[in-house]
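S.K.: Spelled out from the first residue to the last, the chains are:
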Amino acid sequence: MAGAGGGGCPAGGNDLQWCFSQVKGAVDEDVAEADVISTVEFSHSGDLLATGDKGGRVVIFQREQENKSRPHSRGEYNVYSTFQSHEPEFDYLKSLEIEEKINKIRWLPQQSAAHFLLSTNDKTIKLWKISERDKRAEGYNLKDEDGRLRDPFRITALRVPILKPMDLMVEASPRRIFANAHTYHINSISVNSDHETYLSADDLRINLWHLEITDRSFNIVDIKPANMEELTEVITAAEFHPHQCNVLVYSSSKGTIRLCDMRSSALCDRHSKFFEEPEDPSSRSFFSEIISSVSDVKFSHSGRYMMTRDYLSVKVWDLNMESRPVETHQVHEYLRSKLCSLYENDCIFDKFECCWNGSDSAIMTGSYNNFFRMFDRTTWRDVTLEASRENSKPRASLKPRRVCAGGKRKKDEVSVDSLDFSKKILHTAWHPAENIIAVAATNNLYIFQDKAN
Amino acid sequence: MEVQKEAQRIMTLSVWKMYHSRMQRGGLRLHRSLQLSLVMRSARELYLSAKVEAQEPEVPLPPARSPDPYLHPPREAEAAAEAAPSDGEQPSPEPMDTQEAPRAEETPARCAQRPAKVSRKRRSCSLSDGGDAALVPSKKARLEEEEEEERASSDVLDRLQPPPAQAEGAFPNLARVLQRRFSGLLNCSPAAPPTATPACEAKPACRPPDNMLNVLVRAVVAF
Chain A
1 MAGAGGGGCP
11 AGGNDLQWCF
21 SQVKGAVDED
31 VAEADVISTV
41 EFSHSGDLLA
51 TGDKGGRVVI
61 FQREQENKSR
71 PHSRGEYNVY
81 STFQSHEPEF
91 DYLKSLEIEE
101 KINKIRWLPQ
111 QSAAHFLLST
121 NDKTIKLWKI
131 SERDKRAEGY
141 NLKDEDGRLR
151 DPFRITALRV
161 PILKPMDLMV
171 EASPRRIFAN
181 AHTYHINSIS
191 VNSDHETYLS
201 ADDLRINLWH
211 LEITDRSFNI
221 VDIKPANMEE
231 LTEVITAAEF
241 HPHQCNVLVY
251 SSSKGTIRLC
261 DMRSSALCDR
271 HSKFFEEPED
281 PSSRSFFSEI
291 ISSVSDVKFS
301 HSGRYMMTRD
311 YLSVKVWDLN
321 MESRPVETHQ
331 VHEYLRSKLC
341 SLYENDCIFD
351 KFECCWNGSD
361 SAIMTGSYNN
371 FFRMFDRTTW
381 RDVTLEASRE
391 NSKPRASLKP
401 RRVCAGGKRK
411 KDEVSVDSLD
421 FSKKILHTAW
431 HPAENIIAVA
441 ATNNLYIFQD
451 KAN
Chain B
1 MEVQKEAQRI
11 MTLSVWKMYH
21 SRMQRGGLRL
31 HRSLQLSLVM
41 RSARELYLSA
51 KVEAQEPEVP
61 LPPARSPDPY
71 LHPPREAEAA
81 AEAAPSDGEQ
91 PSPEPMDTQE
101 APRAEETPAR
111 CAQRPAKVSR
121 KRRSCSLSDG
131 GDAALVPSKK
141 ARLEEEEEEE
151 RASSDVLDRL
161 QPPPAQAEGA
171 FPNLARVLQR
181 RFSGLLNCSP
191 AAPPTATPAC
201 EAKPACRPPD
211 NMLNVLVRAV
221 VAF
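Quick mapping for you: the protein sequence lines, in order, are chains A and B.
Under the UniProt record's numbering, residue 453 is the last one in the first sequence; the count climbs by one each step, no gaps.
Under the UniProt record's numbering, residue 223 is the last one in the second sequence; the count climbs by one each step, no gaps.
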């Protein structure tokens with residue numbers, strides 16, 4: 001594994017040095033809303049990278065194979081397939097428009113030459129098959145080359161159709177559509193390690209599906225109170241354990257995480273473990289509930305830890321300790337004094353995601369001003385990097401950025417007041433085995449890799 | 001006073017955000033609505049407690065009123081607010097949330113049959129004698145002229161009336177729920193209305209929270 005034991009941050013001399021690799025997307029200043037990237041996900045091998053956008057499209061990038069004539073092209077991701085996954089719909093019974101925005105994409109483990117992925121908008125989950133075709137059949141008996149039926153009286157002999165080579169074509173076809181199971185907005189999907197089932201979570205319920213069956217799902221968690229007046233929390237994210245197919249976690253808007261074991265009962269309304277950190281009363285404010293809401297939860301690859309992201313921090317929990325996280329990393333603590341303006345401009349409702357590196361030794365999450373943060377769990381060093389076109393020469397090193405929280409601003413520091421809150425990095429992904437990261441900055445996808453890669 | 005102003009600003013902001021959430025593409029988001037209501041609740045609690053603190057030195061509380069009024073200053077204010085309508089223009093046997101909730105969910109047709117003046121009168125009264133009209137500055141300005149006020153109120157009614165299509169959907173009870181959440185706080189007050197009523201008479205300064213709550217509740221109902 002490249003960067004073994006590292007995956008760390010370019011803070012010190014021996015650490016990784018991240019450099020620019022590629023940027024995808026238009027350069028235009030005025031960004032079409034439909035082009036804003038809403039999810040990023042590497043396949044299990046890391047050879048494919050999928051993005052979903054607010055316009056309902058899925059774009060899949062494929063990593064180029066090593067090429068001796070162009071040594072620098074190794075590791076480059078190029079467009080492999082683009083398709084419209086979801087269309088805007090209208091629910092006539094509820095008189096409600098359903099957005100086409102892709103909320104999440106999850107790859108299925110590859111089991112044949114074709115690739116499969118799940119994509120979801122607010123209501124409907126779709127299973128897509130992405131397959132290659134470089135041959136076509138010719139010489140059918142009943143129809144000619146244009147597909148028209150042949151006159152039966154002119155068929156005098158039977159022939160065997162033959163496959164002829166043609167230009168490579170990548171096809172994306174919807175194989176299953178899982179609809180009508182969610183009353184609220186779907187925030188998560190997660191494929192189980194049994195490779196046969198997956199879960200989908202909305203604000204109040206989690207459903208369990210079989211990948212082959214579209215007309216029924218099992219409701220495994222339901223936190224909807226009998227009386228909606230008693231509603232105090234909603235489900236914000238859910239994920240299956242990477243190895244134990246009976247274990248799943250879900251996070252709530254109160255900042256807690258519940259671990260459920262499907263072996264104990266079919267309905268997981270009662271959790272097996274409850275992860276919660278006691279609140280510090282001194283830091284209470286109007287916005288305490290909002291900033292403590294968990295926006296993302298991710299198991300480590302090993303399955304021993306899980307990571308949660310709230311508005312200001314990212315926390316790593318040991319599954320064996322429910323009372324407090326084993327690590328808390330501040331992402332942008334300098335915003336604590338700006339919460340009121342962030343509430344005014346709605347930024348406080350942003351849902352930042354987080355991801356692990358391949359060896360679980362480092363974590364990454366986004367921030368504002370096109371900044372993203374990496375935390376090395378072994379050295380406890382962290383770094384702020386920027387996804388920017390200004391420094392987008394091939395293999396140009398990324399310079400660590402610093403935000404000046406107050407006092408005198410040093411050279412190369414950015415003051416909190418000059419941060420651009422319209423440029424936010426909500427979605428990031430880390431290659432499962434190498435130090436290659438994909439960072440979604442509005443309508444652009446940046447790919448960075450370590451210098452050695 | 002600073003805290004009070006800030007809380008008031010955040011409450012106004014929250015109301016507007018709730019109102020605008022209805023127009024959001026894809027429908028109301030439960031998570032966002034919940035968060036907005038929580039912020040509004042925190043701001044409201046702070047506002048009320050700041051208000052009571054500010055008034056306490058001026059008007060000493062009657063000793064028989066509550067065993068320990070200083071322990072729960074916001075609750076006291078809420079209790080007073082709850083009792084306030086009964087000394088006003090309309091005796092109300094029910095808490096105001098149950099009065100207001102059905103109104104917000106009526107279809108426009110039913111609304112047209114109802115004499116709109118009743119609600120307008122109540123609103124203008126409660127606003128004119130309160131100190132919290134800043135929450136809805138436009139409406140206060142229009143109180144000067146009777147005709148202008150009528151038009152303004154019907155405008156407001158039109159604006160606040162949820163289209164029947166959007167009032168239901170995935171959140172059939174949300175308006176009622178959020179509204180009850182606020183009034184639920186009132187109802188869970190330790191002091192019962194009968195005991196609070198004399199307090200309110202003795203302390204007319206308790207009236208403003210009622211006005212503010214009226215405005216908030218209306219806005220929440222609309223959302």
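It is worth saying that the hints were derived from the structure and are not from the lab.
For clarity, every value in this text was computed on a predicted model and none was experimentally measured.
Just so it is clear, CB atoms sit at the ideal spot from N, CA and C, and this is done for glycine as well.
Mixed in with the good hints, there may be bad ones.
[Said to hold, decoys possible] List of simulated lysine to aspartate or glutamate pairs, EDC-like, C-alpha gap at most 16 angstroms:
hint : chain 1 : residue 1 : chain 2 : residue 2
1    : A       : LYS254    : A       : GLU230
2    : A       : LYS399    : A       : GLU413
3    : A       : LYS254    : A       : ASP215
4    : A       : LYS126    : A       : ASP215
5    : A       : LYS338    : B       : GLU6
6    : B       : LYS17     : A       : ASP350
7    : B       : LYS17     : B       : GLU53
8    : B       : LYS17     : A       : GLU413
9    : B       : LYS17     : A       : ASP269
10   : B       : LYS17     : B       : GLU56
11   : A       : LYS338    : A       : ASP420
12   : A       : LYS24     : A       : GLU413
[Stated by the list, open to error] Which stretches of chain B does chain A cover? Using the computed rule of at least three CB atoms under 8 angstroms from a CB of chain A, they are:
hint : segment
13   : 24-34
14   : 37-44
S.K.: Each hint should be assessed against the structure and marked as holding or not.
M.R.: Here is what the structure says about each hint:
1. LYS254(A) - GLU230(A): Within the cut-off at roughly 14 angstroms; holds.
2. LYS399(A) - GLU413(A): Judged against 16 angstroms, a Cα distance of about 12 angstroms means the pair holds.
3. LYS254(A) - ASP215(A): The hint is violated at about 33 angstroms.
4. LYS126(A) - ASP215(A): holds, 13 angstroms
5. LYS338(A) - GLU6(B): At roughly 14 angstroms apart (the allowed maximum being 16 angstroms), GLU6(B) and LYS338(A) satisfy the hint.
6. LYS17(B) - ASP350(A): With a Cα-Cα distance of about 15 angstroms, the restraint between LYS17(B) and ASP350(A) holds, given a limit of 16 angstroms.
7. LYS17(B) - GLU53(B): violated, 29 angstroms
8. LYS17(B) - GLU413(A): Judged against 16 angstroms, a Cα distance of about 34 angstroms means the pair is violated.
9. LYS17(B) - ASP269(A): Measuring from Cα to Cα gives roughly 32 angstroms; hence the hint is violated.
10. LYS17(B) - GLU56(B): Distance of about 33 angstroms is beyond 16 angstroms: violated.
11. LYS338(A) - ASP420(A): holds, 13 angstroms
12. LYS24(A) - GLU413(A): Roughly 27 angstroms separates the two Cα atoms, so the pair is violated.
13. 24-34: This one holds; 8 residues, not fewer than the three required, reach chain A with a Cβ under 8 angstroms.
14. 37-44: This one holds; 4 residues, not fewer than the three required, reach chain A with a Cβ under 8 angstroms.
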